[in-house]
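Chemist: If you read the sequences in order, they're chains F and B.
Under the numbering used here, think of the first position of the first sequence as 1, with each following residue one higher.
Under the numbering used here, think of the first position of the second sequence as 1, with each following residue one higher.
Read the hints as simulated data drawn from the structure, not as lab findings.
Because the structure is a prediction, the values reported are computed rather than measured.
Even glycine gets a Cβ: it sits at the ideal position worked out from N, Cα and C.
Careful: at least some of the hints might be erroneous.
What the hints assert, rightly or not - The calculated DSS-like cross-link candidates involving lysine-lysine, where the alpha carbons are at most 27 Å apart (straight line), are: (1) F/K129 to F/K175; (2) F/K332 to B/K284; (3) F/K332 to B/K291.
Claimed, not checked - One-sided and incomplete, this derived list gives chain B residues near chain F with beta-carbon spacing under 8 Å: (4) L62; (5) G63; (6) V70; (7) V139; (8) P141; (9) P143; (10) T202; (11) Y317; (12) S318.
To be verified - A few chain B residues that don't get close to chain F, going by computed Cβ distances all over 10 Å: (13) N152; (14) Q178; (15) D217; (16) A257; (17) D268; (18) P269; (19) D280; (20) L394; (21) A423.
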Amino acid sequence: MKFRRLILANLFRKKIRLLLTIGSFAVALFLFAFLSVVRDAFGRGADVAGADRMFIINRTSIINPIPLSYRDKILRIPGVKVITHDNWFGGVYQDENNRFPQFVIDPENQRQVFPELIVPDDQWNAFLKDRQGAVVGARTAERFHWKIGDRIPIKSTIWGKGNWEFNIDAIYHGKRPQDDETQFWFQWDYFQESVLDRQKGNVGWYVLRLNSPDDAVRVAKSIDDEFSNSPYETKTETESAFAAGWVKQFGNIRLLILSIGLIVFLTLLLVTGNTMAISVRERTGELAVFKAIGFSDRAVLFFVLSESLVIALVGGLIGLGLAVLAIPVLAKGMTGLLPTLFLKPSVLVSGLIIAILVGLASGLLPGIGAMRLRIVTALRRV
Amino acid sequence: MVIKLLFGIVLTVLAIGALLLMLAVLGGILAGVLAPFVGSVPVSYNFRSIKSRWNSTIVAILGIAGTVGVFVAMLSLARGFKATLVASGSPGNALILRAGSPTEMMGGVTLDAVRIVQDAPGVARDASGPLVTQEVVGVMPFPLISTNTDANVQVRGVSPNVLRVRTFVRVTEGRMFQPGLSELIVGKNASKTYSGLTLNNTVAFGGGHWQVVGVFDAGGSSFDSEVWCDGKLLNELLKRPDNVFQSVTARLTSPEAFQQFKDSVTADPRTNVDVTREIDYYAKQSTVMTKLITILGGFVAAIMAIGAVFGALNTMYSAVAERGREIATMRALGFSSTNVILSFLFEALLIALVGGIIGCLAVLPLNGLTTQTMNFQTFSSLAFAFKITFDLLLMGVFFALVMGILGGMLPAIRAAVRPVAVALREL
Numbered sequence: 001m002k003f004r005r006l007i008l009a010n011l012f013r014k015k016i017r018l019l020l021t022i023g024s025f026a027v028a029l030f031l032f033a034f035l036s037v038v039r040d041a042f043g044r045g046a047d048v049a050g051a052d053r054m055f056i057i058n059r060t061s062i063i064n065p066i067p068l069s070y071r072d073k074i075l076r077i078p079g080v081k082v083i084t085h086d087n088w089f090g091g092v093y094q095d096e097n098n099r100f101p102q103f104v105i106d107p108e109n110q111r112q113v114f115p116e117l118i119v120p121d122d123q124w125n126a127f128l129k130d131r132q133g134a135v136v137g138a139r140t141a142e143r144f145h146w147k148i149g150d151r152i153p154i155k156s157t158i159w160g161k162g163n164w165e166f167n168i169d170a171i172y173h174g175k176r177p178q179d180d181e182t183q184f185w186f187q188w189d190y191f192q193e194s195v196l197d198r199q200k201g202n203v204g205w206y207v208l209r210l211n212s213p214d215d216a217v218r219v220a221k222s223i224d225d226e227f228s229n230s231p232y233e234t235k236t237e238t239e240s241a242f243a244a245g246w247v248k249q250f251g252n253i254r255l256l257i258l259s260i261g262l263i264v265f266l267t268l269l270l271v272t273g274n275t276m277a278i279s280v281r282e283r284t285g286e287l288a289v290f291k292a293i294g295f296s297d298r299a300v301l302f303f304v305l306s307e308s309l310v311i312a313l314v315g316g317l318i319g320l321g322l323a324v325l326a327i328p329v330l331a332k333g334m335t336g337l338l339p340t341l342f343l344k345p346s347v348l349v350s351g352l353i354i355a356i357l358v359g360l361a362s363g364l365l366p367g368i369g370a371m372r373l374r375i376v377t378a379l380r381r382v
Numbered sequence: 001m002v003i004k005l006l007f008g009i010v011l012t013v014l015a016i017g018a019l020l021l022m023l024a025v026l027g028g029i030l031a032g033v034l035a036p037f038v039g040s041v042p043v044s045y046n047f048r049s050i051k052s053r054w055n056s057t058i059v060a061i062l063g064i065a066g067t068v069g070v071f072v073a074m075l076s077l078a079r080g081f082k083a084t085l086v087a088s089g090s091p092g093n094a095l096i097l098r099a100g101s102p103t104e105m106m107g108g109v110t111l112d113a114v115r116i117v118q119d120a121p122g123v124a125r126d127a128s129g130p131l132v133t134q135e136v137v138g139v140m141p142f143p144l145i146s147t148n149t150d151a152n153v154q155v156r157g158v159s160p161n162v163l164r165v166r167t168f169v170r171v172t173e174g175r176m177f178q179p180g181l182s183e184l185i186v187g188k189n190a191s192k193t194y195s196g197l198t199l200n201n202t203v204a205f206g207g208g209h210w211q212v213v214g215v216f217d218a219g220g221s222s223f224d225s226e227v228w229c230d231g232k233l234l235n236e237l238l239k240r241p242d243n244v245f246q247s248v249t250a251r252l253t254s255p256e257a258f259q260q261f262k263d264s265v266t267a268d269p270r271t272n273v274d275v276t277r278e279i280d281y282y283a284k285q286s287t288v289m290t291k292l293i294t295i296l297g298g299f300v301a302a303i304m305a306i307g308a309v310f311g312a313l314n315t316m317y318s319a320v321a322e323r324g325r326e327i328a329t330m331r332a333l334g335f336s337s338t339n340v341i342l343s344f345l346f347e348a349l350l351i352a353l354v355g356g357i358i359g360c361l362a363v364l365p366l367n368g369l370t371t372q373t374m375n376f377q378t379f380s381s382l383a384f385a386f387k388i389t390f391d392l393l394l395m396g397v398f399f400a401l402v403m404g405i406l407g408g409m410l411p412a413i414r415a416a417v418r419p420v421a422v423a424l425r426e427l
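Next up, chain F with everything else stripped away, as it sits in the complex (with noise of 0.2 Å):
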């Protein structure tokens, strides 16, 4: 790069429009990524759900119950591999704001339908053999400063009792970044034997695992025919059309999101093309020097181009940079408000593109401006 000097003169010129303008972008960048991020969050569920997993609720609505009985008719029906049944606890931790889901689980079969949640052996082992016992998600762990052999209570708002007395047994993890880490599992046997004898026997919903995904639709209406006209009609979904029916409910929110991103894009990148146009305004004595003694009009567009794209790459790199430091700090910040909050390779990638291509748009207005460029008018000025 023979110009190198020269385009590293220019940039330097002025160090506080420098400074000022990688900031902008800076700053639009981290907010895209955290927009995106934020985004995501709304939308989760339909990127964490197995593509051979159903859910089965009771039609009626996802708060009444089905009864346990259920399990081996559904199993009979062919094309299911594994089913296991959860029920919503939803108890709080001494405080009515630390929420987060706890679970009531059939040990048996919880790691064949949920694989992804990794628990290791030797924990799980001692989770099976202790009736109070527990496993909870990492981030949950953390939140609480929760640690393995912890003995922890938790105050049910649903099944009566007072505080519920249970023990850390296992500490689980996702296998992806974004599976959720914040569930809390306990057994059966022992919600069974606290609740009262009306509330026995219901499972809140049934998990299953088909053979083969393309099975789905015919499992699901034989296991809703199976049950129809029965007391507990069931409503049978995949899991990724039930985690989507989740996301259609926050309605608005994510479009919302998105608008407000495009807002703030669209202001910073007029304010950052604004700089470059000034930059270049102020030099138009020097480039129709550079003219004069016989650079051509191409090597001046070059000229301009390639000063505003090294302030876009930098600019980009500082925010998404940023981005990737600071968000795992405010997941944490944002726990029990938002499920988890990750970066998305490929928001980083997006946003590198973006910036290049904002970088390049910004500097071709001025850029062919200064192309276009009469000499003598432009010597004349100041």
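Given the coordinates of chain F, assemble chain B onto it according to the supplied hints.
Modeler: Below, chain B alone, put in the same frame as chain F:
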């Protein structure tokens, strides 16, 4: 120990720095606003200078306008959500839940407890008896008109006298349901949001057929997103035990009667309930969502403000740089450096003010716009509206002025301290 001490010193220095910055910003705003009266540089100079660099000024204005717009929109969303829930509570009503249960969804109040509430002192009465409604709530999936997918609607089984307990609720179309019949009345937002919930239509849920006989207006509260029916029927439908309710709402003779009522009900050994003012209960329900929106919105607006300040700084610095000779000439003519600073601050504030006002005007049409989201506490959808109030707009404009000062102060000082002779000699 040493580390703690160092940490303390750093913290103190930071706090002092923040305080100084705040004072400087406030002082700057004051000085800039007063500039036309105390400074000697005529204001017309600023207008002309803005005019001569209109394109970069417009960009600075748009930067500030965008930031203020996002700031006001997010705050108004949080306020609207809170206002919707708070409006659901009446100051003169008391809500009775099973002891220890934080939301209605999880209650369990027995008929015996209801009787005790009805007889408690402070409960308002009319010809039909005590104004108490014992209620059952459930969530039922209904298809959204917008996406045609199911969303959960809160269905509330109420006592026939509910309209006399919640006096702000009015049936605007059709009529009230008949006790014992499968009839529904639907909130005005629910009627607009879900397909099938229109007057005289019959909908199927929970294995039964229900006729919509009325639409009610609950004054923008969360009840507007609900569907109401006879409590006894809903209890059967949900296969819940007879004579157990999830919440009881009592209208009191006056808001002051609350304490007496509460003491009497909770002191009774036959009850195991918590008594709260209805208004406090609903305010608490809004906390999670309000907190989420405020934190997210505040964070985004703060980061965006940094970008906007950078933009304003750039504009003002280039204004100063382009006018180096002009400023030096003014100084040579006898304008003091204070006057130059004041003049620049005024210009920065003017740009910020215009940006702030544009930002506020741009989001004003959002006021009253209804949006819908899931309320985490009830697992059901809730419609709520952006609520832009005058003080929010003032906050937005103030925010713009702060950005203007942050962007204008340093360039103004730089303009004033440059030696006159050097600046004049340039070019």
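Chemist: State the violated hints by number, sorted upward, taking the hints as numbered earlier in the document.
Modeler: Checked against the structure, the hints that fail are numbers 9, 10 and 13, while the rest are satisfied.
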